[in-house]
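These protein sequence lines are chains A and B, in that order.
Under the working numbering, think of the first position of the first sequence as -5, with each following residue one higher.
Under the working numbering, think of the first position of the second sequence as -5, with each following residue one higher.
The set of hints was computed from the structure by calculation and includes no laboratory data.
Glycine included, each C-beta is placed from N, C-alpha and C at the ideal position.
Don't take every hint at face value.
Quick list of simulated restraints, FRET-style, between CB atoms [unchecked claim]:
1. B:Asp35 x A:Gly343: 51 to 57 Å
2. B:Ala375 x A:Val168: 30 to 36 Å
3. B:Asp35 x A:Leu228: 32 to 38 Å
4. B:Pro381 x A:Glu349: 34 to 40 Å
Sample of chain B residues with no beta-carbon within 10 Å of chain A, all distances over it, derived [as the list claims (entries may be wrong)]:
5. Val56
6. Arg61
7. Val79
8. Val127
9. Ile128
10. Pro133
11. Leu143
12. Leu156
13. Val168
14. Ala253
15. Gly327
16. Asp329
17. Arg341
18. Glu373
19. Asp402
20. Ala412
From the structure, some residues in chain A lie toward chain B, with a derived Cβ separation under 10 Å [to be verified]:
21. Val56
22. Asn60
23. Arg61
24. Val127
25. Thr304
There are 2 protein chains.
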Amino acid sequence: MQYNLLPIPPEPECPGDAVEGGVDVARGFRSSGVCGGLRPDGSDRDDMALVCADAPACVAGVFTRNRFCSAPVRVCREHLAASEVAQAVVLNSVIANAATGEPGLENARATASMAARELGCSPEQVLVASTGVIGSQLPMEAVARGVGLAVGALGSDEAHDLAAARAIMTTDTVPKRAAVRYVDPSGATYAVGGMCKGAGMIAPNMATMLGVITTDAPVGTPVLRHALREATSLSFNHVIVDGDTSTNDSVILLASGAAGGERIDEASGERYELFYRALLWVCSKLAQSIAADGEGATVLVRVSVTGAATPGDAELACRTVASSPLVKTAIAGHDPNWGRIAAALGRSGASFSQEDVDIDIVGLPVLRSGLPVAFDRQEAARRFELPRCEIACDLGAGSDSYVCWTCDLTHGYVSINADYTS
Amino acid sequence: MQYNLLPIPPEPECPGDAVEGGVDVARGFRSSGVCGGLRPDGSDRDDMALVCADAPACVAGVFTRNRFCSAPVRVCREHLAASEVAQAVVLNSVIANAATGEPGLENARATASMAARELGCSPEQVLVASTGVIGSQLPMEAVARGVGLAVGALGSDEAHDLAAARAIMTTDTVPKRAAVRYVDPSGATYAVGGMCKGAGMIAPNMATMLGVITTDAPVGTPVLRHALREATSLSFNHVIVDGDTSTNDSVILLASGAAGGERIDEASGERYELFYRALLWVCSKLAQSIAADGEGATVLVRVSVTGAATPGDAELACRTVASSPLVKTAIAGHDPNWGRIAAALGRSGASFSQEDVDIDIVGLPVLRSGLPVAFDRQEAARRFELPRCEIACDLGAGSDSYVCWTCDLTHGYVSINADYTS
């Protein structure tokens, strides 16, 4: 049987070869994941990670826009303003160090200073990132132990970057890494690799989104910062698990230049474009892995809106559908419930006429010109068993489009977020 | 033990005596609830309701702003544009008559015409309202049977308006009515009473929000329309169950004038103010009953935001907290999780500094000046057992405020919305 798929914007293509691994794929980086002992219950699960450049590297960071922002986010902003290079990122799970006032800021700065002392760089060249409970102070004795252990455990291979990716997991069920190697027009081979964590968009007792990305391409700091801003806005910012953004969300990008070649100092030209596409691909893979691992999720959902009158309308309509609890519970129930999608589009504020709207679910046309069309329910049921579900909406009001990644809303989500003891 | 409650805007006071009953409390109205047989499974559960004025009554209506709007909503808008008076409202559950195209419009008009014929008025004097599955056509044979039975069953007492309130229930677990009698400055006693249904804000397989309110006060149509617009914007529009608004949401207000007295023809003065306060009180009670009966809800939640820099900021911050799945699951878990509330405020777009924010949960201060404060966890646990939970946030950025009603997010919500067979 043939089904017509609505046109949807393409996903970023991989500009080289996808490879196993994370932050250690790019040359000039080492990493580790260790247990400093941050958990109050004395668990020996890893709780600190370190990503370290062999020499000061160009650096960029993007951070949460939440007005409640954590101490490590504030310290990162200070350090990135003070220095165009960085040598390390210290990450911890268990405690978010948010809503912790002046003592929290001092603890975040002290963490950076400890690592700087061990690594022989200035404190401004160390960035910090935390995820976990809001409102508690970091146990600095455990943090100090963790920093020492992490420096001692540094290594540069897949096992080490996997350990780092594991150490920052909270409600994540799998470690999240992605990496690509591509050939620069100069003939040099460059790599971009990264790790992230995130499952709910935020939760004092667990989640937030943290990401560290590395590259051995020789990219200058201003260009790096431009590229990261663009790439995160097209990847991580298109993920909606529950609509909540965190106090701690951070993505940090380091460029060692260790693969040699002339420095890329402009955000244009073939060499920049290729680097940017590699970065975007890694960010997109990491972002999708967050949506797929959304708290309680059983399926990765791609929502696209096409035919919008303006880019703003496309985004509004897409985000409204992707964050509708009714749409997300319907997907959990394997129900091709176009009515809930139509109602979400209708209340989104986007401008259109209901007579012009088409909706496809799992590739099946279910609404045409605002009216339901018969579809093969057995085929729909079969497709709902796949680990990925597509919702495609065309508003018939223009030519703008938007894509979001989300997941279904299940009993698992409620259990994770309601059934814990606080 | 003494706790300081943050200042929160007062709830509307009852300007008279709250009385049992619904649409039949006001003189000049009769109602009924009957089974036309709209359910495909042949169930004998009541599925149609009729509210009828003894003579043409002044009329007002407010309807969904969803761009996907149902056929009955379109027909109501036509009839209210054509006529300043109405004699009846025909309501049905089971089928929403939305996304049904031209045949759906014809069916809605035919329903009004049938009732008009039976009641001896013009079709424009009959309003229609539907709730249920989107995308299916009304079974007109059953509707015709229902209209006939409903006209025959009309009566004017508490049993009749309870039957009407029951007939429009979908996922509602209780019928919803509220009524008040108050003394006009002229010495006359006037009544305002109403019924509504709604549990999720919308769901093709079940919910939507419908309301019918009656009064025997002598209020002219233009004033009635002004009053209803104001009262719904301060009551029903402050309820958030899941952030979804329906294709069918409708509130209709009829004024029989049957209690006599000089007509209220201006939206000012003591007589108008008293009528408006009675209307607002009824609307608020009905709105709260919807939030309390939210799909899967175990607790009614009142969220207030004070100290906002602008009215828009207050609304934005309040709605963001009230619709956050993380906040709502925390309440389901009886967790005074101020971190999730703070994070929701922070991402809402409202302008404030985190150092100025205070949060109270169930009347206990949990955050002061952006920092957590110790609170009595046993006392919090005890208060979470009550059927109502207060979340009060002060942004410390100005003097504007907003209040929303919502409920917790439980396994029950997911079950209702995911575990049905479509």
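Results for each hint:
Checked against the hint of 51 to 57 Å, the pair aspartate 35 of chain B and glycine 343 of chain A fails, with Cβ atoms roughly 38 Å apart. The hinted range of 30 to 36 Å is satisfied by alanine 375 of chain B and valine 168 of chain A, whose Cβ atoms lie roughly 35 Å apart. Separated by about 49 Å at the C-beta atoms, aspartate 35 of chain B and leucine 228 of chain A break the suggested range of 32 to 38 Å. Between proline 381 of chain B and glutamate 349 of chain A, the C-beta spacing of about 44 Å breaks the proposed range 34 to 40 Å.
Every Cβ of chain A is farther than 10 Å from the Cβ of valine 56 of chain B; the closest lies at roughly 15 Å, confirming the non-interface assignment. Not every Cβ of chain A is farther than 10 Å from the Cβ of arginine 61 of chain B; the closest lies at roughly 4 Å, contradicting the non-interface assignment. For valine 79 of chain B, the shortest C-beta to C-beta distance to chain A comes to about 30 Å, beyond the 10 Å cut-off, and the non-interface label holds. For valine 127 of chain B, the shortest C-beta to C-beta distance to chain A comes to about 8 Å, within the 10 Å cut-off, and the non-interface label is violated.
With a cut of 10 Å on Cβ distances, isoleucine 128 of chain B falls inside the contact zone with chain A, its closest approach being about 3 Å. Distance check for proline 133 of chain B against chain A: the nearest CB is about 16 Å away, which clears 10 Å, and the non-interface claim stands. For leucine 143 of chain B, the condition that its CB be more than 10 Å from all CB atoms of chain A holds, with the nearest at approximately 29 Å. Every C-beta of chain A lies more than 10 Å from that of leucine 156 of chain B, the closest at about 29 Å, which supports listing it as non-interface.
The Cβ of valine 168 of chain B lies farther than 10 Å from every Cβ of chain A, with a closest approach of about 21 Å, so its non-interface assignment holds. For alanine 253 of chain B, the condition that its CB be more than 10 Å from all CB atoms of chain A holds, with the nearest at approximately 38 Å. Non-interface call for glycine 327 of chain B relative to chain A: violated, since the shortest CB-CB distance, roughly 4 Å, does not exceed 10 Å. With a minimum CB-CB distance of about 4 Å to chain A, aspartate 329 of chain B fails to clear the 10 Å threshold, and the non-interface call is violated.
Not every CB of chain A is more than 10 Å from the CB of arginine 341 of chain B (nearest about 5 Å), against its label as outside the interface. The beta carbon of glutamate 373 of chain B is kept farther than 10 Å from every beta carbon of chain A, the shortest such distance being approximately 14 Å. Once the 10 Å rule is applied to beta carbons, aspartate 402 of chain B is inconsistent with being away from chain A; the minimum gap is 8 Å. Remark: the non-interface label on alanine 412 of chain B conflicts with the geometry, its nearest Cβ contact in chain A lying 4 Å away (cut-off 10 Å).
Nearest Cβ of chain B to the Cβ of valine 56 of chain A: about 15 Å, over the 10 Å cut. The hint is violated. With a least beta-carbon distance of about 4 Å to chain B, the hint placing asparagine 60 of chain A at the interface is held under the 10 Å criterion. Interface restraint check: arginine 61 of chain A against chain B, minimum CB-CB distance 4 Å, threshold 10 Å, status holds. For valine 127 of chain A, the suggested interface contact is upheld, since its CB lies about 8 Å from the closest CB of chain B, less than 10 Å.
This hint is violated: threonine 304 of chain A has a C-beta 15 Å from the nearest C-beta of chain B, more than the 10 Å allowed.
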